[in-house]
Amino acid sequence: MNTTAAPLLELRHVTQRFSGLVAVADVSFSLAPGEILGLIGPNGAGKTTLINLISGTLRPTEGEVLFDGAAVTPLPAFRRARLGVGRTFQIMQPFPGLSVLDNVAIGALFGHGGGQAQLAKAREQARQSLEFVGLGSFADQRADELGGPGRKRLELAKALAMKPRLLLCDEVMAGLNHVEIEEVIAVIRKVREQGIGVLVIEHVIKAIRSLSDRLLVLHHGQKIADGTPDAVLADPTVVQAYLGKKHA
Amino acid sequence: MKTWRAWAVVIAFLAMAGVPWYGSDVLVQFGINALLLAVLAQGWNIIGGYTGYPSFGNSVFYGLGSYGVAIAMVQWHLPFEVGMLFGVLLAVAFALLLGVPVLRLRGHYFAIATLALAGVMAAIVSNIPLAGQNIGLVLPPLNDDRLFYGLALGLLALSTLVVWWLTKSRFGFGLIAIRENEDGAAVMGVNTTAYKVAAFTISGALSSMAGGIHAYWITFLDPESAFDISLNVKMIIMAVFGGAGTVFGPIIGAFSLSAVSEWLSSEVTSIASLFFGAVIVAAVVFMPHGLTHLAARIRRLGWRYFGENVRENRL
Amino acid sequence: MELLAQVLVNGLLLGGLYAVMALGLALVWGVLNIVNLAHGSFIMLGAYCSWHLFHYLHVDPFLGLPLTAAVMFALGYAVQRGILNLIVRAPMFNTLLLTFGLDVVLTYLAQLAFSADFRTINPGYAGHQWHWGAMVLPAVRVAAFGAALVLTLGMWLFLLHTRLGRAIRATAQNLVAARLYGVEPRHLYAMTFAIGVALAGTAGGLYGTVSQINPYIGASLTLKSFAIAIIGGLDNPLGVLVGGLFLGVIESLTILYIGPTFVDVASFGILALVLIVRPTGLLGKTA
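Top to bottom, those sequences are chains B, E and L. Reminder that position 146 of the first sequence reads as 146 in the numbering used here, one-by-one numbering, no gaps. Reminder that position 182 of the second sequence reads as 182 in the numbering used here, one-by-one numbering, no gaps. Reminder that position 9 of the third sequence reads as 9 in the numbering used here, one-by-one numbering, no gaps.
A portion of the hints provided could be inaccurate.
[As the list claims (entries may be wrong)] Taking CB as the label site, the calculated pair distances span:
#1 L/His161 - B/Phe18: 34 to 42 Å
#2 E/His289 - B/Ile91: 21 to 29 Å
#3 E/Phe13 - B/Phe18: 52 to 60 Å
If you're looking for bench data, these hints aren't it; they were derived computationally from the structure. In this text the structure is predicted, and so the values were computed from the model without any measurement. Every residue, glycine too, gets a C-beta built ideally from N, C-alpha and C.
With the hints as extra help, turn the sequences into a complete structure.
Structure, rendered in structure tokens:
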């Protein structure tokens, strides 16, 4: 991994307060292009809030978010998308009335750099995205007819069609079986090979350990560990806070 | 579009275009009314059907267009075309200035806000001397129904082309994305605020032109008729009944409902509005997805289609 | 200064009446999540009901209010049970559209039945006035205000201290919880809407004593009720009272300082403003 390259994503002392509740407390970290950073922690630790802060759905109470070295903190979500931030949603958010293809085409039409101007080109790009995640044969179905695993992949395909430089994955493996998890891991590795930085939130420890280059642990909104998966998972603070006595 | 559909559209258009020649005076007048209502329905379709922001106050644009033409022609002695342009400018200004704050509201709050704004504008205009206050204005007469029919038809064609373009363009897809999932659209790169305001503005511009044509045709307007709230009722039910979010739905809704209303009016006077109200109630209960949806499903389900709709939504 | 005081008093008296108008709307909206665009029409029908009781049966408009309330209650129950219950689980837009259509139907039925002539309810004591210092207090307006206060307080007590009232409030939270009170949901919904319409009708009966009625007064009253309900909050009858008084005073001040033709501009303008600035209301919770 090239540690001398400028970080793709950097958070500096980011804090998020919701009228009395501190969801994220003074979190700082960075992510390099082509790096897979895992983010784990108990429920309610602030992981999705963190993703919302990076994607622009939320503005932090304090701190800065930098993308490619430039501060994006004041920018709304759609501008960050145009700069190359793509994300999936934990609670899947398809465009229900549209076909699977058109769902993904939206990503191609509006993503990184403003996307495609032509619908036809966007649809082509969407097909490629669908093939990439293995949903190629479902292109013309209605999005709300897909099952759970299919929807997870649709989330990925939509984000990838944006041609992002940073991909934020919020629990894309939840509810999947072993085989499906392996398939998702393979897709994320392919994504990384294209030089895209990936931040993955997961609860499936085995998967995230093998996938991540680095692991971040969040607890009560604070970062309590940041290092290689093996080091982090052996860290006693992490074990106590999150893993309990039986950790994978 | 499938070939037979394209042919159907062309034939229908030609048939409609020919009415001033082969139709009676009554038919031409019915046509003008129906065409203008269809324009309003298409205008609503853009902001309500495609963007998912149901405006209950689009009558305000109609009124602004009417008064634009009336003031320009009566007070400033300008030609009709300039009046139309003025009306469009008023509508665009309104949509841009008030659209931004109002479009931040979602769902029923947006609906009520647009209703309130329509009420405010009507009340304001009835206090403006330039607009003739409560008495209204009388325009120079022009007795050429054929011309008005042609203008109305042309405007409907333009509106329909705009809606058709929405289904094929990046802008239109952005609107649909906003309708289906606004937050999801934003994180995918859609500038939701700009797009919503643009849709509202286009909707307003088309509606204002309908108002302008109507004003010149009728040669008289006052705040009550120009900003008639029941227009909102009509345009929404026409779009929804025909099929909101489709290209031809609003046109079908406008013509079919206008025809029935006209027929009913000839049997029982002044029953038109009552009719529309009753249609809305029945349609919302039994066929909330519109005619196009009905046509698609009724072959399979028959009468059960209506029962299904009720079962889905009842307490 | 005296003129201002008089105007303020006028505004408060009117505002109490407005509050009763909005009470039914707030109840139905807060509990059933039904945004009733036909609300003003029910007020109008209540006014006509009182008018007919007065004109044909010589029932005093204030003493006859319970009768009007009962008639409107029955109407509201039928409408909810027969029509609105059928679309309760549909998207909100459907409810808006349906009540919009209902509003049109009721308005035109009223026009067919009662003609478009203006009417008022003029009991014998209509011209009577009380004097307090330099201020003139028309008896009818004071009585209407008094009735409004009683109704608002009654509503508040009902929601808090009766079993049905608490069941209704529980429904606002959770339909299952309401079942625990032993009331069947469809009946509960119909009762709630019926109470809302009864309140609207009663307000209409009061309105008829202080202002002119015709079939078209509904639309404007609906918007005013919305303004008040949103300002006051949907779960708080006292908040609605404050909202009503506020709107009444604003309208009075508008008449004094700007002109009577600007009243609608003021009240609809306030509605638009409140929605834009703080749709979550100023005093209570929102739906």
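Task: Violated constraints from the hint list, given by number and in increasing order - done: Failing hints: none at all.
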